[in-house]
Amino acid sequence: MDALALSALNGLSYSLLLFLLASGLTLIFSLLGILNFAHGSFYMLGAYLAWQSGPWFGFWGGLVVAPLGVALLATAFEVGVLRRLRAQGHLPELLATFAFGVVLVEAARLLWGNGSVPYAIPQALQGSLLTLGGVAFPVYRGFVMAVALTALALAWLLLWRTRAGLIVQAALTHAPMVSALGHDVRAVQTLVFAAGAALAGLAGAVGGPLLITEPDMAAQMGALLFAVIIIGGLGSLRGALLGALLVGEAQTLAVAVNGSLADGFAYLGWHAPATWPASDGLIPSLLHLDLARAAPLLPYLLLVVVLALRPQGLTRRFSAKEAP
Amino acid sequence: MSAGRSGRTLTSTALFAAAVALPVALPLSSAAFNLLSQLAIAWLLLLSVGLLVTRAGLLSFGQALYAGLSAYAAAHAMNAIAAAGWPLPFALVPLYGGLFAAGVALVAGPISVRHGGLSFAMITLGLGLLVAIAAPMLQGFFGGEGGVSTDRTAGPVWLGLNLLSQRQVYGVSAAYVLLAAGLLRWLDGTRLDLLARAVRDNPLRVAVSGSAPRRVRLHLVLVSAFLAGLAGALQTLRVEQVSAGALGLPQSSMALLFSLAAGSGTAWGALLGAGLMVGSEVLLASLSQAWMLYVGLGFLAIVIWAPQGLVEVLHELARRLRARRDPDLLWGLAALLVCGGLSLIGASSLIELLYAVRQQLLAHGVLRLWGVSVRADSAEVWAGAAWLAVVSTGLGVLVRRVLAPRLRVEGEAA
Numbered sequence: 001m002d003a004l005a006l007s008a009l010n011g012l013s014y015s016l017l018l019f020l021l022a023s024g025l026t027l028i029f030s031l032l033g034i035l036n037f038a039h040g041s042f043y044m045l046g047a048y049l050a051w052q053s054g055p056w057f058g059f060w061g062g063l064v065v066a067p068l069g070v071a072l073l074a075t076a077f078e079v080g081v082l083r084r085l086r087a088q089g090h091l092p093e094l095l096a097t098f099a100f101g102v103v104l105v106e107a108a109r110l111l112w113g114n115g116s117v118p119y120a121i122p123q124a125l126q127g128s129l130l131t132l133g134g135v136a137f138p139v140y141r142g143f144v145m146a147v148a149l150t151a152l153a154l155a156w157l158l159l160w161r162t163r164a165g166l167i168v169q170a171a172l173t174h175a176p177m178v179s180a181l182g183h184d185v186r187a188v189q190t191l192v193f194a195a196g197a198a199l200a201g202l203a204g205a206v207g208g209p210l211l212i213t214e215p216d217m218a219a220q221m222g223a224l225l226f227a228v229i230i231i232g233g234l235g236s237l238r239g240a241l242l243g244a245l246l247v248g249e250a251q252t253l254a255v256a257v258n259g260s261l262a263d264g265f266a267y268l269g270w271h272a273p274a275t276w277p278a279s280d281g282l283i284p285s286l287l288h289l290d291l292a293r294a295a296p297l298l299p300y301l302l303l304v305v306v307l308a309l310r311p312q313g314l315t316r317r318f319s320a321k322e323a324p
Numbered sequence: 001m002s003a004g005r006s007g008r009t010l011t012s013t014a015l016f017a018a019a020v021a022l023p024v025a026l027p028l029s030s031a032a033f034n035l036l037s038q039l040a041i042a043w044l045l046l047l048s049v050g051l052l053v054t055r056a057g058l059l060s061f062g063q064a065l066y067a068g069l070s071a072y073a074a075a076h077a078m079n080a081i082a083a084a085g086w087p088l089p090f091a092l093v094p095l096y097g098g099l100f101a102a103g104v105a106l107v108a109g110p111i112s113v114r115h116g117g118l119s120f121a122m123i124t125l126g127l128g129l130l131v132a133i134a135a136p137m138l139q140g141f142f143g144g145e146g147g148v149s150t151d152r153t154a155g156p157v158w159l160g161l162n163l164l165s166q167r168q169v170y171g172v173s174a175a176y177v178l179l180a181a182g183l184l185r186w187l188d189g190t191r192l193d194l195l196a197r198a199v200r201d202n203p204l205r206v207a208v209s210g211s212a213p214r215r216v217r218l219h220l221v222l223v224s225a226f227l228a229g230l231a232g233a234l235q236t237l238r239v240e241q242v243s244a245g246a247l248g249l250p251q252s253s254m255a256l257l258f259s260l261a262a263g264s265g266t267a268w269g270a271l272l273g274a275g276l277m278v279g280s281e282v283l284l285a286s287l288s289q290a291w292m293l294y295v296g297l298g299f300l301a302i303v304i305w306a307p308q309g310l311v312e313v314l315h316e317l318a319r320r321l322r323a324r325r326d327p328d329l330l331w332g333l334a335a336l337l338v339c340g341g342l343s344l345i346g347a348s349s350l351i352e353l354l355y356a357v358r359q360q361l362l363a364h365g366v367l368r369l370w371g372v373s374v375r376a377d378s379a380e381v382w383a384g385a386a387w388l389a390v391v392s393t394g395l396g397v398l399v400r401r402v403l404a405p406r407l408r409v410e411g412e413a414a
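So the sequences go chain by chain: F and U.
Quick note on this note's numbering: the first sequence kicks off at 1 and runs consecutively.
Quick note on this note's numbering: the second sequence kicks off at 1 and runs consecutively.
FYI, nobody ran anything at the bench for these hints, they're computed from the structure.
From a predicted model like this one, the values you see are computed outputs, not experimental measurements.
There may be inaccurate statements among the hints.
[Stated by the list, open to error] Chain U regions said to be covered by chain F (calculated; three or more residues, Cβ under 8 Å):
no., segment
1, 125 to 132
2, 298 to 306
[To be verified] Some but not every residue of chain F turned toward chain U, in silico, with C-beta under 8 Å:
no., residue
3, ALA96
4, PHE100
5, LEU110
6, ALA155
7, TRP156
8, ASP184
9, VAL185
10, LEU289
Using N, Cα and C, we set each Cβ at its ideal position, and we do this for glycine too.
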């Protein structure tokens with residue numbers, strides 16, 4: 001039981017990291033209408049920047065440098081590319097972010113190589129926070145949770161409890177009106193894109209030592225992120241949280257479980273024929289697939305199941321207006 | 001449709017058919033036929049993606065689902081035919097692959113077509129990822145990491161078609177390209193085509209006028225999956241092996257990117273896109289390790305400067321040049337081309353230098369760039385490349401600025 005609770009706690013810290021990323025993506029999507037395919041690359045870049053700046057600013061400095069660096073790059077991209085595509089609808093914007101994501105990953109390969117870099121957990125954050133049933137919960141995972149919660153609380157306060165936040169929200173729903181009142185709507189859009197990217201950069205800086213810092217992390221996290229936000233419902237922050245929790249916990253808990261579909265059926269009293277070894281064909285190999293091994297699959301399975309039942313995701317209704 | 005227009009389409013069709021069929025009769029090397037087969041396969045894949053985008057406004061990020069599954073199905077079918085000794089020629093296997101993919105679309109499609117736009121893109125992405133990640137885990141069907149291998153010459157020989165030579169493989173690919181082109185011609189102006197375009201522009205109006213948009217989308221997805229299935233099975237026929245990489249997201253996204261970069265779901269547009277795709281995946285990849293970087297940058301440039309696609313840009317340019325015989329415009333374009341070429345040489349030299357230094361690929365610090373041997377550790381080489389890139393880009397921007405009014409005025413007049 002303790003082991004399960006610990007798994008759930010691990011899953012929670014992973015979920016919060018996912019949510020930190022998904023919230024940036026959701027912010028950009030719901031306020032600008034751009035589905036940012038470069039988000040995974042921003043995350044990867046955050047990890048690399050934090051690691052690269054380590055010798056100068058230390059781990060803590062990296063937590064500041066990474067979001068700032070990524071935000072700066074995102075600003076340049078928004079002003080240089082996205083802004084001039086805005087008049088042509090959302091499709092060119094989406095493709096531009098996709099291509100930019102590819103360029104970033106390849107640039108990282110160019111600069112830092114194909115393999116992983118030794119971005120490690122700092123000395124001060126090593127050790128265990130608490131022990132459940134003889135298994136330790138690392139301090140660093142607790143730290144990730146704290147960083148994610150702090151960043152999200154700050155973002156929430158900024159967006160919903162300040163004057164500037166109100167202007168941002170208004171600028172994105174009633175642009176002409178806000179513009180007429182003397183605010184620079186284009187600057188607001190750039191700011192939102194940069195802020196979303198900064199959240200991704202921060203997630204990379206704290207996630208890098210926890211997972212592995214390598215070019216492939218962009219594609220892996222990017223794909224997972226889309227599963228998270230689609231499961232929750234595009235553009236909804238509540239949905240992103242729900243999706244992140246479901247995906248994070250499902251992946252983490254599944255690793256802790258031993259068993260396959262065949263075991264499940266056996267428990268219910270139906271035994272797979274002995275003439276069905278795992279290597280025999282599609283259905284037997286599906287039956288004998290260990291849940292622990294299938295963990296990376298669960299987010300996408302969840303995605304398809306949710307979409308088959310509720311095409312708009314768990315929390316949100318699609319409106320015709322959103323189709324690009 | 002006027003007589004002249006239909007005459008031109010007919011000429012175009014005949015020209016296309018000749019271009020596809022002609023190489024079979026030419027005395028080309030085995031490697032050349034291999035490349036041509038790759039081109040044919042890429043053409044089918046790009047057409048299947050482009051069809052969805054241009055006709056129905058559907059962005060599929062999961063086309064490798066159909067192509068990849070069909071490639072596996074083809075491999076299993078070939079092995080089964082060979083084992084059982086059935087009198088079925090392997091040249092028919094791609095047709096089976098296409099139908100198999102359409103069958104997959106019959107299952108996967110209904111989930112994805114309920115909404116168009118972003119929803120479709122996301123769901124196809126999700127379905128594609130699901131299968132791509134599941135495949136290596138399900139050893140039974142997908143053969144694990146090693147994939148499934150087969151032998152294309154194990155089938156019965158009909159009409160001398162033993163598939164031993166690359167020429168014969170290209171011949172089979174060309175036949176399916178012509179089949180697909182015929183399908184495309186037949187689709188033009190049919191009720192499905194018109195409905196799909198209407199759904200793309202205004203789904204609500206179509207729904208109100210009595211046709212369910214989701215059914216229209218599903219029908220188009222079926223056609224598109226059939227084409228992707230042909231491509232997948234032909235790929236199996238060509239390389240006699242299929243592994244989980246065939247299902248991956250890169251496959252889908254590259255097809256989509258190149259289809260959009262070249263532009264449109266027309267036969268010629270897909271041909272340009274296929275040329276670009278095979279060119280970069282085969283030729284560029286053999287030249288440089290940084291080829292994906294070039295592809296990404298090139299695509300970014302196209303999205304920024306030619307969002308409607310290259311075919312459209314070329315078409316428009318040709319029309320303008322024809323409409324007004326303007327030597328200045330021609331010279332301006334030539335200057336732009338030269339500047340672009342020079343800045344390409346400069347920028348790519350910088351990238352290659354950086355790559356060589358970072359990856360420590362060099363034995364003695366000497367690198368061959370554009371046919372010239374240079375020392376990667378000399379500052380002059382770096383400065384020269386940077387100078388070339390910056391100056392020629394600057395010149396290019398200036399020329400473009402001078403040229404812009406001419407292009408714009410003509411564009412508005414049209």
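Where does the structure disagree with the numbered hints, that is, which hint numbers, in rising order?
-> 6, 7, 8 and 9
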